[in-house]
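End of the sequence shown = 207 in our numbering, gap-free, step of one.
Hints were generated in silico from the structure; no laboratory data involved.
Just so you know, even glycine gets a beta-carbon here, dropped at the ideal spot from N, CA and C.
Hints are not guaranteed to be accurate.
[To be verified] Label-pair distances were calculated between CB atoms; the ranges are:
1. A117 / D201: 20 to 26 Å
2. A183 / P12: 46 to 52 Å
3. P181 / R10: 41 to 47 Å
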Amino acid sequence: MPDLPAGYRRPLPAQRPSGLQSRRVRAGTELWRVEATHPSEWTWKGFADPRYRFDPVSGGFRTRYAATRLVGAFRERYRATGSVVPTDHAGQRLIRLVSTRSLRLLDLRTERNLDALHVDDQISTGQHEAVWNTCQHLADAARRWWPDLDAIVYRSRTTPSTSANYAFFGIDGFMHDWWPLAERSDVLIDLVLREGFTVDWDIGPR
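Please put together the full structure from these sequences, using the hints given.
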């Protein structure tokens, strides 16, 4: 295996690296997520041990994940099941988040930011232990460098050309809608016909 770039093999600096830039996106930015819990019940207490890519090592806050496209949210959520939506997920919620203000982002899809961190595109999709360690330390570091940071944006492993992933740190900048999956036959039928999904309950004629 080739050597990892230097940014994965050394600690992140205490001060924001020269050239690393955040950016803002406008109010009205739309994100999608599929999960069991209603947004009003989401907890923002961090995990003692990080579980996912941009969960902070400190455990000082919670990171949640969403996609910029509806299909992206489903492909990320059901990748491990082979794009099968199981019967017991009929009550899961399809959640649409819409930003009510501009959001400050650290975008890891730009060459400038990859170079400033001395990393590569594995920061978005790589599974190497050192890559995940850097991602999880970056969650803490990025919020130290920009205390008002709303999210880290990174490339999707399942829909790289059509959707991006947001690792976000709170819901105060969003309004939300939600629907039980079983009530969105229109969405499920489209996933079956166009995206190769299987839904393990009757969703009507196709």
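**Study point:** Unsatisfied constraints (hint numbers, rising)
**Key:** The structure breaks only hint 1.
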